[in-house]
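Asker: Quick mapping for you: the protein sequence lines, in order, are chains A and H.
Sequential numbering of the first sequence, starting at -3, is according to my numbering.
Sequential numbering of the second sequence, starting at 442, is according to my numbering.
Hints were generated in silico from the structure; no laboratory data involved.
Hints should not be assumed to be uniformly reliable.
[As the list claims (entries may be wrong)] Stretch-level coverage of chain A by chain H, calculated; a stretch enters the list once three of its residues show a Cβ under 8 Å from a Cβ in chain H:
hint, stretch
1, 34 to 42
2, 47 to 56
3, 133 to 145
4, 164 to 176
For every residue, glycine included, the Cβ atom is placed at its ideal position computed from N, Cα and C.
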Amino acid sequence: MPQAEPVAAPLSDAALIAAWQGGDEQAAAELVRRHARALARFLSGAGALEADLDDLVQDTFIRAFRSVGKFRGQCQFRTWLLTIGGNVLKDAARRAKRAKLVPLEQELLATDGDPHERAVAGEAEGRMRECLKRLPRLQREVFLLRAQQGLEYQEIAAALGTTPGAARVHYHHAVKRLKEYLR
Amino acid sequence: MKDDARLHDARLQELADRLGTAAAERLDVERTARAVVERLRAGPRAEGWTWLQPAWLRIAAAAILVIGGGLVTRAVVWQRAPASAVVAPVGEDLTDLSTEQLREALTVLDQPSSVEGAGDTGVEGLTAEELRALLQTLEG
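Bound conformation, chain H alone (with noise of 0.2 Å):
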């Protein structure tokens, strides 16, 4: 801007105009041209790295998310499949049960869990002091 008003100095201003003139003079500016024209002319690989690497990142974050998200539940379902076996019934609970009450709740552990698979056998799948509990409850 030659209206100084706003410069408030000649100095910087001049400055301003003459930075970078002398170099932008020596540009071969012909040559400069029929380089870009060739670089445009053989495709976008000059950049390509440019935008492979977002692209790459972007890939990563998502492997990330999918491979801990599958980890998280993973993990999630592994904490529940044990609370939701044969251990819960087993507690304070049961010392306001009768004997026969007890008697049917031991068949029910007895027979395996349709939600757990072929692998849960009810009292088997106890820990030695589970089964105590649970005797103790019984002789109670």
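Chain A with its partners taken away, still in its complex shape (with noise of 0.2 Å):
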């Protein structure tokens, strides 16, 4: 009976890190598909409109690579590259500002689904991105990396260079102001 050819486990992210360091750009592109859709999702909730979406995903992703070598590993690749993502949603933030853009709703960008279920569930995910713009930037990324990344305490401390008590004082006042907000 033949053997089954031994199945090769993925690559952790440090080693396709090392991998594109090394010269490899796939191993950049399979970073980008391991990590783009949860780094949307955190730009998303942190303000970014779906037509951006695409370009900050990918300047978040260009600003990670460049300064991969200041990472150090004090936390996942993931959670550091959701910092980093922070960073570019608010200088982009800052550009739009300076050139007054009138952005779109987000339901006229959605296009599937029930017409009458995508207004309810837009209007609802609608009212907690305004809530959540409320927040001071660091309630909100704290309340984003832990409630819709599922991260601890240590790992988000770790990535924000703080301690874990601090992240988890950020964390109940952003979900008391949020409780206010949504009531």
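Once you've looked at the hints, go ahead and assemble the two chains, each given alone in its own frame, into the complex.
Answerer: Encoded structure:
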């Protein structure tokens, strides 16, 4: 009976980063495939418009790959990427403010599914997004990293350069204020 | 986190879970990956301005410090120059000097100062008021 070919285990993020640093472009592409959706969710939750999402995801990866030498493995690559995404979004918002762009409504951009369901879901999501916008940036990011991305306080603290206790406090403040806004 | 003992609000968690999911699903990941690789291949032009801006700020700050420092130094040197010239000996202290000592002082003043350079020439540099004071001292 012929033996089955052993299935190669997927490379870790660290191995892909090392391969990219060694000049392997496909390693960079694989990291994008692996983390782009999580990053897009985070950016969308943090206030990015869907029309800008692709550009913001690209910009975040570009910035991350160019400064990957600074990544010391203090947290997961994805967590580090999300914090860079937060900075990219902040810079983009500053530029958009200067350019005074008028954004399209999120609901107008979605085209899949039942229009009524989409409208209801879009309304709830829109309200949540509006509420998140009112939070201070650190509270918003800690909330998203915790509630949306499912990260532990230890991991969040390492990525944001704070303590797990402080991250917990930011999270609870965010939850309290979101509940007030959504009431 | 699915452990809502820490979240205390299933509704909030549900909204957080849903937030951005549809938009992320619509993202064409393959296209994004290709675009990122192409941009990386193209070099660091895209982010150049981000790094240039602080670099220019640093250069401008350094230039301001150098120019400002130069101006301050020049101003201090110019302020000191007249003070170190012949004005200092002319004052109330001269009243205590004898005629002989005053003559010696005048001789010294008449000699060009090696420190101040060739342009400084003793009593010629004094103002009318200073000369008057000096003459009064000599007469008295």
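Asker: Against this structure, judge whether each hint is valid.
Answerer: Going down the list of hints, with the structure as the test:
1. 34 to 42: holds (count 7)
2. 47 to 56: holds (count 5)
3. 133 to 145: Our answer is that it holds, as 5 residues pass the Cβ test (under 8 Å) against chain H, meeting three.
4. 164 to 176: holds (count 3)
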